[in-house]
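*Asks:* The task is simple: from the sequences and hints, build the whole structure.
Each chain, written out:
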Amino acid sequence: MSLGTKRLGKELAKISKSLPPGITLVKADDLQEWLLDIQVLDQNPIYAGETYRLKFRFGKQYPIEPPEVVFTKQENRPIPMHPHIYSNGIICLDLLGSSGWSPVQNVESVCMSIQSMLTGNTKNHRPEGDADFVSTNKARPKDIEFYYHDNEV
Amino acid sequence: MPPPNTPEEGLVSTPTTATLALRPITRDLEMTAASPPTVAIPAVDLRALEYESNVDENLICPICRVALVAPVITNCDHVFCQKCLVQAHTLNPVCPVDRQPLLKLSSGTRSAPKLIANQLDNLTVRCPNRPRGCDLVVARSLVENHVSRYCDKTLVPCPHPSCNKTIARKDMAKGCLHYEVSCEFCEQAVQKADLETHQDMECLNRKTDCELCGAEFVRSKQEEHTKECPEVEVTCKFAPFGCNRKMSRRHLEEHCARCDYRVVGPVGEQLAELRAEMTALKEKDRLKDRRIKFLENRGYSAPAATENISNMNLPAQETAPYESRDQYFLSLFETMESKVERLSSALTEVEGRHSMMLFNETMPIKDQLTEIRSTMGVLGMHVRWLMNFRLQERGRVLGSGGANSPSLPGTTMGASQESSSDSNLPRRLSDTMREHPPRL
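Each protein sequence line maps, in turn, to chains A and B.
Using full-length UniProt numbering, you'd call the opening residue of the first sequence number 1 and step up by one each time.
Using full-length UniProt numbering, you'd call the opening residue of the second sequence number 1 and step up by one each time.
By construction, these hints were calculated from the structure, which means they are not laboratory data.
Ideal Cβ positions, reconstructed from N, Cα and C, are used throughout, including at glycine.
The reader is advised that the hints may include incorrect statements.
Stated by the list, open to error - To give an idea of the interface, some chain A residues facing chain B are shown, with a C-beta separation under 10 Å as derived from the structure: (1) K14; (2) G100; (3) W101; (4) P103.
Unchecked claim - A short list of chain A residues far from chain B (calculated; beta carbon distances all over 10 Å): (5) T24; (6) A28; (7) D30; (8) N44; (9) V70; (10) C92; (11) K123.
*Replies:* The structure is reproduced here in structure tokens:
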């Protein structure tokens, strides 16, 4: 408990001072939910000129357990096209699952991972079975068992 | 038989030495994890300490992001707080930094080198009793000792046997202080034990010295003092015109006398005055506009309401809303004009309707006319054919023996009679034609 809040406080102090280019802190009123905007900075035609909003939710066990990270959709904040991002904003990234998470990661590093995941992408489509998944999924993102079928994207 | 320094030999010997070396350390780790603090005073939580200076990034635990506490090092040479690593390990048995498998903490880690421990011990921290008034800054290795033995601000259990509250150590000799007294400055009821902190920090009626000018004032009057304190930093009074210099109030007069913006000052004041005047005028103009619009609306709507009563009669009450006769006539004129316009439009409409109606009626008549014309043509054809036939017939009769010939004009009238009486004639080919005359 104390470990999590203290660390989040430190992270917040750090990222409110400086963040890597393309990442901006939007809202962090408490230590449960933060909003950040990310942009893809190189000229990837899929993401050029767009800004995307990430929502972080921190459990009591953070940083031992991963935070819940999803894209949220709102006016002029779409969900980026990516074969690992579902249209409801859920991100299929091993880093955010219990097995791929490491307590050494932090909000900044997660943002940068997602940013680079977008930067390197060339496929302008959703994951297979996106419509099915979006309509049937009720589980919280971190309880979903993703099958990481390809690692080259 | 391999020589003694073959790889196999080396492989066998390495783990044994490692386990030998690790044995006491792992026991040490277990002890620190399991042993509860034995002293009555709660041990200092090293993670909650505030560090006096920035801690070197290399001494910060990558998990909890504060200076390492009881550091341990993994076989892959990464250092963590012992507690942090234990927590992370229960979730995922790998090294949090490079994900190398870390099956057992006891064999995969050992306590960090003495060098790291020493560096950590030398970090200077603030006494955790700072909120209660201890301003000591001390090396981290000594802070626990300070708090538990020497710091007189440490809270200890009240010496009174039936009191279960805590009290600062320095007041222990005074016995139980957990009774209420009233503060001599603000007359608020405070516990005796808290009286001193109250008077030092909270009490508003207590006098205090201004940090800047040294003058003494009652704490509740702080704001008032700030307004007149000669040392408080203020902005130049020409700030609205662009001077952004700041100085203590004492130097304000001096600065204003030679401020570059003092020339601008009067002009600026005039400007502000003019601006205010302009806004006032604008407001007035707006009001006038509104009034004009309002009057215009009434000018149109009033006659419109009474238009179907009478055009030419000018009811007396209608003149009332108008200010002058001219205006009234003008409006009347306008009403008339609009009426004429309406009438002319109605006229064009009626005209259009009429022409449409006429057109609609003439079309079928025209059709019927052509039909009749064509029927007439057919009839004429029949008649001519019949006449022809009759003439031939007569010619034949005349030729065979002679007979009385009927007058030619009579044949047209008796054509049908003629044809029905001649029905048994062999050359009657156009029978069908006769019964159903073609319609064109």
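*Asks:* When you look at the beta carbon of D30(A), is every beta carbon of chain B farther off than 10 Å?
*Replies:* holds, 19 Å
*Asks:* Is the interface hint satisfied for G100(A)? The criterion is a beta-carbon contact with chain B at less than 10 Å.
*Replies:* Status holds, d = 9 Å.
*Asks:* Hey, is K123(A) genuinely clear of chain B, shortest beta carbon separation above 10 Å?
*Replies:* holds, 27 Å
*Asks:* Against chain B, is W101(A) within 10 Å by beta-carbon distance?
*Replies:* W101(A) check passes; min Cβ-Cβ to chain B is 7 Å, inside 10 Å.
*Asks:* Minimum C-beta separation from C92(A) to chain B exceeding 10 Å: can you confirm that?
*Replies:* holds, 19 Å
*Asks:* Are all C-beta atoms of chain B more than 10 Å from that of A28(A)?
*Replies:* Holds: least Cβ distance 16 Å, greater than 10 Å.
*Asks:* May I ask you to test the interface hint for P103(A) with respect to chain B, counting a Cβ-Cβ separation under 10 Å as satisfied?
*Replies:* holds, 4 Å
*Asks:* Regarding the assertion that V70(A) does not contact chain B, is the least Cβ-Cβ distance greater than 10 Å?
*Replies:* holds, 21 Å
*Asks:* Quick one, is the K14(A) hint okay against chain B at 10 Å, beta carbons?
*Replies:* Constraint on K14(A) satisfied, holds at 9 Å.
*Asks:* Check the non-interface label on T24(A): least C-beta distance to chain B beyond 10 Å or not.
*Replies:* Non-interface label stands for T24(A): nearest chain B Cβ at 21 Å, farther than 10 Å.
*Asks:* For N44(A), which was marked as not at the interface, is the minimum beta-carbon distance to chain B over 10 Å?
*Replies:* Its Cβ never comes within 10 Å of chain B, the nearest being 28 Å, so this holds.
Against the hints set out earlier in the document, no violation occurs for any number.
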